[in-house]
Amino acid sequence: MDKIENNKAWFLVLPVFVIVAISAIIPLMTVVNYAFQDIFSPQDRYWVGTEWFESVLADDDLHGALIRQFVFSFVILLVEIPLGIALALAMPARGWRASLALVLMALPLLIPWNVVGTIWQVFARADIGLGGWLVNALGIPYNYTNDPVAAWLTIVVMDVWHWTPLVVLLCYAGLRAIPDAYYQAAAIDGASAWKVFRYIELPKMRGVLLIAVLLRFMDSFMIYTEPFVVTGGGPGNATTFLSIHLTKIAIGQMDLGPAAAISIIYFLIILTLSFVFYNVMTRMGTGERA
Amino acid sequence: MSLQLQSIARTVGGSTHLHPVDALLEPGLHVLLGPTGAGKTSLMRLMAGLDAPSAGRVLQDGQDVTGVPVRRRSVAFVYQQFINYPSLSVFENIASPLRLKGEERGAIERRVREVASLLHIDHLLDRLPAELSGGQQQRTAIARALAKDARLLLLDEPLVNLDYKLREELRTELRALFERRGAVVVYSTTEPLEALTMGGSVLVMHEGRVLQTGPTAQVYHNPASEAVAEVFSDPPMNLVSVEVRGGIARFPQGLELPLTGHLGTLEDGAYRFGIRALHLSLRPKPGLPSLPARVELADISGSETFVHVHAEALDWVVQEEGVHEHGLGEPVTVYLDPTRLYAFGSDGRVRAAPVRGRGG
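For the record, the sequence lines run as chains A and B.
Its first residue numbered 1122, the first sequence is counted upward by one per residue in my numbering.
Its first residue numbered 31, the second sequence is counted upward by one per residue in my numbering.
Keep in mind that the hints are not guaranteed to be accurate.
[To be verified] If we take Cβ atoms under 10 Å as the criterion, some of the chain A residues that face chain B in the derived model are: (1) Ala1142; (2) Ala1145; (3) Pro1148; (4) Arg1246; (5) Gly1250; (6) Gly1252; (7) Gly1260; (8) Arg1297; (9) Gln1305; (10) Ala1306; (11) Arg1319; (12) Tyr1320; (13) Leu1331; (14) Val1334; (15) Lys1369.
[Unchecked claim] For each label pair, taking beta carbons as the anchor points, the in silico distance ranges come out as: (16) B:Gly67 x A:Leu1274: 39 to 49 Å; (17) B:Glu133 x A:Leu1251: 51 to 61 Å; (18) A:Ala1145 x B:Glu221: 32 to 42 Å; (19) A:Ala1211 x B:Glu334: 34 to 44 Å; (20) A:Leu1221 x B:Glu161: 51 to 61 Å.
[Claimed, not checked] Some residues of chain B that are not near chain A, with every Cβ distance over 12 Å (derived): (21) Gly79; (22) Val108; (23) Gln110; (24) Ser117; (25) Arg129; (26) Leu158; (27) Ala160; (28) Glu260; (29) Ala300; (30) Leu318; (31) Arg370.
Calculated directly from the structure, the hints in this document are not laboratory data.
Keep in mind that this is a model prediction, so the values were computed, not measured.
We put the beta carbon where it would ideally sit given N, CA and C, even for glycine.
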């Protein structure tokens, strides 16, 4: 209407600008600054162009970390998504059993990440940990501190334990949102349990599955705390994922230029893959003809 | 085929959803009419075999099918919500029951196109349900049910979620579609007007009981009880308690009505008189008895005005042709046509009904 009101409206969006600037834009631009310059102090800095990028991209350690990271995220999605769907399907739909199942499912999600790491670090120890000791007692040699395969298994199992419940809760919510009439219609058609899953439950869960895949991909690709607490990236470099590698470069060696370059590469990978996942999955349901 | 219900009832956890129902449904259209919660859906689920009755038997062509699971019966169901397979095209949706029956490709193709053209969705066969309007989605669901060619076709308030215009259109089409089939078609609705438009026979339901069955128009004109008259009347039938003595009915408002015609045979005693809204008038009609009342609400619907009036011991609705303005609390005189009066006894059973011949 009149101008004074319009100007006041800016004050309402100002907080958002401030928050986004402080939380996203300013830190990101700082990293960009570090990635293209060699900075000794605010007054003493040199433009290096893409030099840092060239050096880190040629670095075998980064290649190793990147491959491990991709394999890890892939395994996590491969295990957690189907397992989450299966558990959600198996959960009771109503009554006190449903409440109980929901509470049990939510428990791992309520535990701080470093505590999850500590729990598994102790639990899986071959000497004093209940889990590790049991596995050894069964005659299977297992020690995550010196065996890379055992270390990987430990991290994967821990992540599955920690994060599958998130997938379960999302799928469960999606399943509960399907009106009963769909199941009746399928029963009247004489559809088998598999057909009900394939043509009713799965398409109806598409939205929540999209969110589950995106969240689990992004989170697993950024995993840091738990492997840091359990294995510290070892044995050797066996569980040195991208974020652990990055921290070693940035904090361990104080190579801020290469670390900034890795950060930007890291960020772009997650952004690109999330974009691809999102587009593929939103199209999957609509372009499909079965 | 025919469907026979032998005192089927359903109780769930101590609460009775359905009191014993007896009915014989011959091929043709049957309308289940009743307000929400009357047990229409419960009864249809029992007919379909989705639920097992707590007591009684269901017979198809004289054969007991009570315990037979729904997938082995010849049943199709259309719901109030638009239920289609979300990831399948309209074509595949309509074809799904045929594919499950294992019919051959050419026959499926022919049948799907045939049914789709009946429901005017043949140009939408490649679309997904989510890409259709509500009316088209429901057409798809109905097409799927028709494609199956089931001997029992159940439609549970199928048009409730559609807009008014579309509802009228589809209602007329459906009636024509059902007339051509040899199946038992059961169509449930909460709207008396819809029941009258669909025709066929009607089962009036209320609070888990089937109150009356018969040809739709006949039940409308001759309700067996006060409850049927209320359910099968829109707005619900206007009722008033009167005292009959010596051939004169005394209304609580002081009106004394000499009883003639179909009411002439009433014995002395307490009655409930009922009259439909369209047989009341606020405009003076020479020779008709009248009551004083006050306007509580005037509800304009389309080209009609529903005036809610209040007087001592009486809340009535008067249906007037055309759009009329009425002030809140405005005193009015309500004229009633005594030839259209129903009389119900204190047990709720009908004692006298208007002689048919004119009016609705």
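Structure-inconsistent hints, enumerated in ascending order: Those not satisfied are hints 1, 2, 3, 4, 5, 6, 7, 8, 13, 14, 15, 16, 18, 19, 20, 21, 22, 23, 24, 25, 26, 27.
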